[in-house]
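2 protein chains.
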Amino acid sequence: MLTRIDHIGIACHDLDATVEFYRTTYGFEVFHTEVNEEQGVREAMLKINETSDGGASYLQLLEPVREDSTVAKWLAKNGEGVHHIAFGTADVDGDAAAIRDKGVRVLYEEPRRGSMGSRITFLHPKDCHGVLTELVTSAPVESDEH
Amino acid sequence: MLTRIDHIGIACHDLDATVEFYRTTYGFEVFHTEVNEEQGVREAMLKINETSDGGASYLQLLEPVREDSTVAKWLAKNGEGVHHIAFGTADVDGDAAAIRDKGVRVLYEEPRRGSMGSRITFLHPKDCHGVLTELVTSAPVESDEH
Numbered sequence: 001m002l003t004r005i006d007h008i009g010i011a012c013h014d015l016d017a018t019v020e021f022y023r024t025t026y027g028f029e030v031f032h033t034e035v036n037e038e039q040g041v042r043e044a045m046l047k048i049n050e051t052s053d054g055g056a057s058y059l060q061l062l063e064p065v066r067e068d069s070t071v072a073k074w075l076a077k078n079g080e081g082v083h084h085i086a087f088g089t090a091d092v093d094g095d096a097a098a099i100r101d102k103g104v105r106v107l108y109e110e111p112r113r114g115s116m117g118s119r120i121t122f123l124h125p126k127d128c129h130g131v132l133t134e135l136v137t138s139a140p141v142e143s144d145e146h
Numbered sequence: 001m002l003t004r005i006d007h008i009g010i011a012c013h014d015l016d017a018t019v020e021f022y023r024t025t026y027g028f029e030v031f032h033t034e035v036n037e038e039q040g041v042r043e044a045m046l047k048i049n050e051t052s053d054g055g056a057s058y059l060q061l062l063e064p065v066r067e068d069s070t071v072a073k074w075l076a077k078n079g080e081g082v083h084h085i086a087f088g089t090a091d092v093d094g095d096a097a098a099i100r101d102k103g104v105r106v107l108y109e110e111p112r113r114g115s116m117g118s119r120i121t122f123l124h125p126k127d128c129h130g131v132l133t134e135l136v137t138s139a140p141v142e143s144d145e146h
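Chains V and G supply the protein sequences, listed in that same order.
The numbers in UniProt numbering rise by one with no breaks, and the one at position 139 of the first sequence is 139.
The numbers in UniProt numbering rise by one with no breaks, and the one at position 15 of the second sequence is 15.
These aren't lab readings, by the way, just hints derived from the structure by calculation.
As the structure is a prediction and not an experimental result, all values here were calculated from the model.
Mixed in with the good hints there might be a few duds.
What the hints assert, rightly or not - Cut-off 25 Å, straight-line C-alpha distance, at most; resulting in silico cross-link-like pairs (PhoX-like, lysine-lysine):
| no. | chain 1 | residue 1 | chain 2 | residue 2 |
| --- | --- | --- | --- | --- |
| 1 | G | 126 | G | 102 |
| 2 | G | 102 | V | 126 |
| 3 | V | 73 | G | 77 |
As the list claims (entries may be wrong) - Calculated Cβ distances over 10 Å to all of chain G for the following chain V residues:
| no. | residue |
| --- | --- |
| 4 | 34 |
| 5 | 50 |
| 6 | 51 |
| 7 | 53 |
| 8 | 65 |
| 9 | 68 |
| 10 | 80 |
| 11 | 90 |
| 12 | 91 |
| 13 | 119 |
| 14 | 139 |
Glycine included, C-beta positions come from ideal geometry on N, C-alpha and C.
Using the sequences and the hints, build the whole thing.
Dropping the structure here:
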């Protein structure tokens, strides 16, 4: 069962400049940064609020680290903006299987590694009214900035 | 101070079909529906979780009700997908003024009426790394479906 908006993924050309925009404009601070080599991105997680299921909602700022990453191709086509949305669940495997059974294309055969040790998969945007949709099961997390 | 992800605004061609997709695929139920004549949209709010500031996070599904609405023009250019993101605050007037002072274009001189009696304004996406960004102060709300 999907129990929260886990994050909004935002693609940008310059992660440091975008982090600085969110910090100076809204006061949002970086909770965690990492490079996901498989996804081809450098990312910053900004924690916005905690959620009633015991999790939290983040902005995930994404900068491509190689030209052939999906985010680099997306940026070249669309420019900066919202790249995907993600719902949190305690059971990404079960939910992905149930959603696949309803005829929605799930992009990974098995969930892969996401931010902060989470396990993630994506649903095809053409099956989701144009929205690239991620499902996330979080690992226990602690900010690397605190 | 912005204290939550209030909602993700998603533009669609057919509100009823999109509501049905979110219900059958994820189990998300409609919390509230309304027509906003000023914005030129018919909308459905799907409540996803409650938030640590005493508010909630929603998906806001938006269907244009006239050809000259900004959402109709956006759909004609972009197709269905994420139209904007919204942050919740207790003081949309004060936050909008502070953000305007930082050089970000605020689209309304004064906040206008948003979903469920809220007061809202928007920030220019070109000043926000491509993200059309809304600020929301909620009114006390009760679902019209409960």
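Here's how the hints hold up against the structure:
Straight-line distance between C-alpha atoms of residue 126 of chain G and residue 102 of chain G comes to about 14 Å, which keeps the hinted pair within the 25 Å bound. Distance restraint check for residue 102 of chain G and residue 126 of chain V: the Cα-Cα separation of roughly 38 Å exceeds the 25 Å cut-off, and the hinted pair is therefore not satisfied. For the hint pairing residue 73 of chain V with residue 77 of chain G, the CA-to-CA distance comes to about 19 Å; that is within 25 Å, so the pair holds. Every beta carbon of chain G lies more than 10 Å from that of residue 34 of chain V, the smallest distance being close to 20 Å; the non-interface claim holds.
Its beta-carbon lying about 4 Å from the closest one in chain G, residue 50 of chain V breaks the requirement of being farther than 10 Å from that chain. The claim that residue 51 of chain V lies off the interface is violated: its Cβ sits roughly 5 Å from the closest Cβ of chain G, which falls inside the 10 Å cut-off. For residue 53 of chain V, the non-interface assignment is contradicted: its Cβ lies about 6 Å from the closest Cβ of chain G, within the 10 Å cut-off. The Cβ of residue 65 of chain V sits about 18 Å from the closest Cβ of chain G, beyond the 10 Å cut-off, so the non-interface label holds.
For residue 68 of chain V, the non-interface assignment is confirmed: its Cβ lies about 22 Å from the closest Cβ of chain G, beyond the 10 Å cut-off. With a minimum CB-CB distance of about 3 Å to chain G, residue 80 of chain V fails to clear the 10 Å threshold, and the non-interface call is violated. No Cβ of chain G approaches the Cβ of residue 90 of chain V within 10 Å, the least distance being about 13 Å, so the stated non-interface status holds. For residue 91 of chain V, the condition that its CB be more than 10 Å from all CB atoms of chain G holds, with the nearest at approximately 13 Å.
The claim that residue 119 of chain V lies off the interface holds: its Cβ sits roughly 18 Å from the closest Cβ of chain G, which is beyond the 10 Å cut-off. For residue 139 of chain V, the shortest C-beta to C-beta distance to chain G comes to about 19 Å, beyond the 10 Å cut-off, and the non-interface label holds.
Violated hints, listed in ascending order, are 2, 5, 6, 7, 10; each of the other numbered hints is respected by the structure.
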